[in-house]
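Quick mapping for you: the protein sequence lines, in order, are chains A and B.
Heads up, the first sequence is in the UniProt record's numbering, so the first residue is 1 and it goes up one at a time.
Heads up, the second sequence is in the UniProt record's numbering, so the first residue is 1 and it goes up one at a time.
These are calculated hints, taken from the structure and not from any lab test.
Certain hints may be false.
Said to hold, decoys possible - Derived DEER-like restraints, expressed as beta-carbon distance ranges:
#  : chain 1 : residue 1 : chain 2 : residue 2 : range
1  : B       : N234      : A       : N276      : 33 to 39 Å
2  : B       : N234      : A       : Q271      : 50 to 56 Å
3  : B       : R210      : A       : G309      : 55 to 61 Å
4  : B       : F24       : A       : G309      : 57 to 63 Å
5  : B       : Q271      : A       : A71       : 48 to 54 Å
6  : A       : Q271      : B       : I48       : 51 to 57 Å
7  : A       : Q249      : B       : M230      : 34 to 40 Å
8  : A       : E23       : B       : K194      : 39 to 45 Å
9  : A       : H91       : B       : K194      : 15 to 21 Å
10 : A       : H167      : B       : G90       : 55 to 61 Å
11 : B       : P52       : A       : P9        : 57 to 63 Å
12 : B       : T73       : A       : Q249      : 33 to 39 Å
13 : B       : N247      : A       : I344      : 32 to 38 Å
Glycine included, C-beta positions come from ideal geometry on N, C-alpha and C.
Protein chains: 2
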Amino acid sequence: MKAAIFVEPGKMVTRELPKPKVEFPTDAVIRIVRACVCGSDLWWYRGIAKRPANEPVGHEAIGVVESVGDAVTDVEPGDFVIVPFTHGCGHCAACLAGFDGDCLTFKHQGSPVGYQAEYLRYENANWALVKVPGQPSDYTDEQLNDLLALADVMATGYHAAKSAEVHRGDTVVVMGDGAVGLSGVLSAKLLGAKRIIAMSRHEDRQAVAREFGATDIVPERGDEAVAKVMALTNGSGADAVLECVGNEQSVATAVQVGRPGAIVGRVGIPQKPEMNTNDLFWRNIGLRGGIAAVTTHDRGGLLQAVLNGEIHPGKVFTKRFDLDHIQDAYAAMDQRTAIKSLLIVSE
Amino acid sequence: MKAAIFVEPGKMVTRELPKPKVEFPTDAVIRIVRACVCGSDLWWYRGIAKRPANEPVGHEAIGVVESVGDAVTDVEPGDFVIVPFTHGCGHCAACLAGFDGDCLTFKHQGSPVGYQAEYLRYENANWALVKVPGQPSDYTDEQLNDLLALADVMATGYHAAKSAEVHRGDTVVVMGDGAVGLSGVLSAKLLGAKRIIAMSRHEDRQAVAREFGATDIVPERGDEAVAKVMALTNGSGADAVLECVGNEQSVATAVQVGRPGAIVGRVGIPQKPEMNTNDLFWRNIGLRGGIAAVTTHDRGGLLQAVLNGEIHPGKVFTKRFDLDHIQDAYAAMDQRTAIKSLLIVSE
């Protein structure tokens, strides 16, 4: 089968690999229909994070179950599924509390896995895979993209919004206009936010932010951005803040733009984890978030909202490629000519 | 009038000062019935924090309104009130959201104020003072102590529990066995926690913790404390954590004893505000808390729970003094012969 392979920073290729097999009783093998490239893939593509070379990559897909291990009873061959990057067991204290991205029982084992491929071996398939009614052919191109977004990016934006405890009627600030930040805007809207201030300085992303529900756009950064949000909120600050970047400036700004008691819901991987928590304490600002709980959020409302046509998170895919053009798919995101690159793998 | 005066670290005296007057239209002058010494007063008593010498001190009391400024309409002379250390306006974004300890409009002005005295000038009296039905003489000695605890310590413990989002049935860890930590235990119980693990190594405090609802006592600290909590929770960690100390070790332990998704509700003033937030992010541990919202919490249920006899937060007062023995009141807390020192000021 074809699989995307990371060769070295800046260089992706497609290679033929043996088709994956069930290796453990809890595995499922999935035929991939669509996959995509994540902003976090750029960390190792750009050489900022280390990653072993010559291994398959990618962690977002939709597909059809091809075969399952003996212990898998929740899905069967032929099922159309969202393939989360998470692998919750569904019964540990973390999964039961709705944090399946931090499942206490799951540990990767067996061969390396990459979702940017024709097939993948999915671990802990029993509870974690999210079944979609019908077959891929029952859905439009747009719907397939919306479903694909539920494998990570939309669930992650939603995790920021849930972590920030966005309530109906709230004023919400969203830091970051990448695919996750835009999904955060859409999530805030879905949760009933009345006013959504998107921090964005790119015109193409501002347009998607507005389409997703942003009522105000703030292109400033740092102290100027804080001043702008304060001016927009009568000097009070926002009720909730979504931090979808992770760098020091974005986190520092996020902490300053909330009103006392606001929570910063963060999903941007912290690039400078040391921070002065006095800035939180003296204004009762909360800090929550981390790895998204994909299965929990998909089953908890996102899948239904996509099936109803209430949300169209797939609009973050602004360019499409096939596996043979994997280098172009990465380059488009690296050079910001795409918000997020879609990979069409099979029908 | 008599007032407690801070002379220098380790030295308190009682002096005659002019009786306070209304200085601004939003002031009320209160005749103090009971006051007390706070663990945070020990910071400057011990010389760890700076404080101007020869000024009145204290920030917790109950009393009767003596006179009010022209703008005060919510209380009138003769009203029996809890006198919070906070001064919320009741109408800014912070107060409306339930964080009146971070009121956006309040600023101290006029003469210095100390609650360990026969009278005090209370600023922003209009919304912030908490009226108690009847007169002090209508209450028992125990009830008066319970009401006094609502001026700070119980509201602060409750703020930790609310910040940690304690839910019915939860397993809760409480870091700290001072008066605030013990109030945190009582608050967790009031909010329906099923299991309350109190971190305490002092027998007198363990006894109060058990009386307040602690089901388990962990005297260990650091890694051993984490291991003990994990053993008590089948390796999962607690659903909520209350941090009522503020030092580096306590905060570090608090972050480790929660299950994924747990929130550390903290009211201990951070002694080392720099922390590595990776420990939060990768396990979705939340960090909330800060200055308590006294008026909000008192009106939101604490006052009623005291009036019903449902809770007895005044049990944290284990020694009593009069203003003439203010030095002894501080020394008792400094030397840990009292959990919290009560001051009987007037009938």
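Hint check results:
no.	hint	verdict
1	B/N234 <-> A/N276: 33 to 39 Å	35 Å, holds
2	B/N234 <-> A/Q271: 50 to 56 Å	35 Å, violated
3	B/R210 <-> A/G309: 55 to 61 Å	56 Å, holds
4	B/F24 <-> A/G309: 57 to 63 Å	58 Å, holds
5	B/Q271 <-> A/A71: 48 to 54 Å	50 Å, holds
6	A/Q271 <-> B/I48: 51 to 57 Å	34 Å, violated
7	A/Q249 <-> B/M230: 34 to 40 Å	37 Å, holds
8	A/E23 <-> B/K194: 39 to 45 Å	41 Å, holds
9	A/H91 <-> B/K194: 15 to 21 Å	19 Å, holds
10	A/H167 <-> B/G90: 55 to 61 Å	21 Å, violated
11	B/P52 <-> A/P9: 57 to 63 Å	59 Å, holds
12	B/T73 <-> A/Q249: 33 to 39 Å	46 Å, violated
13	B/N247 <-> A/I344: 32 to 38 Å	56 Å, violated
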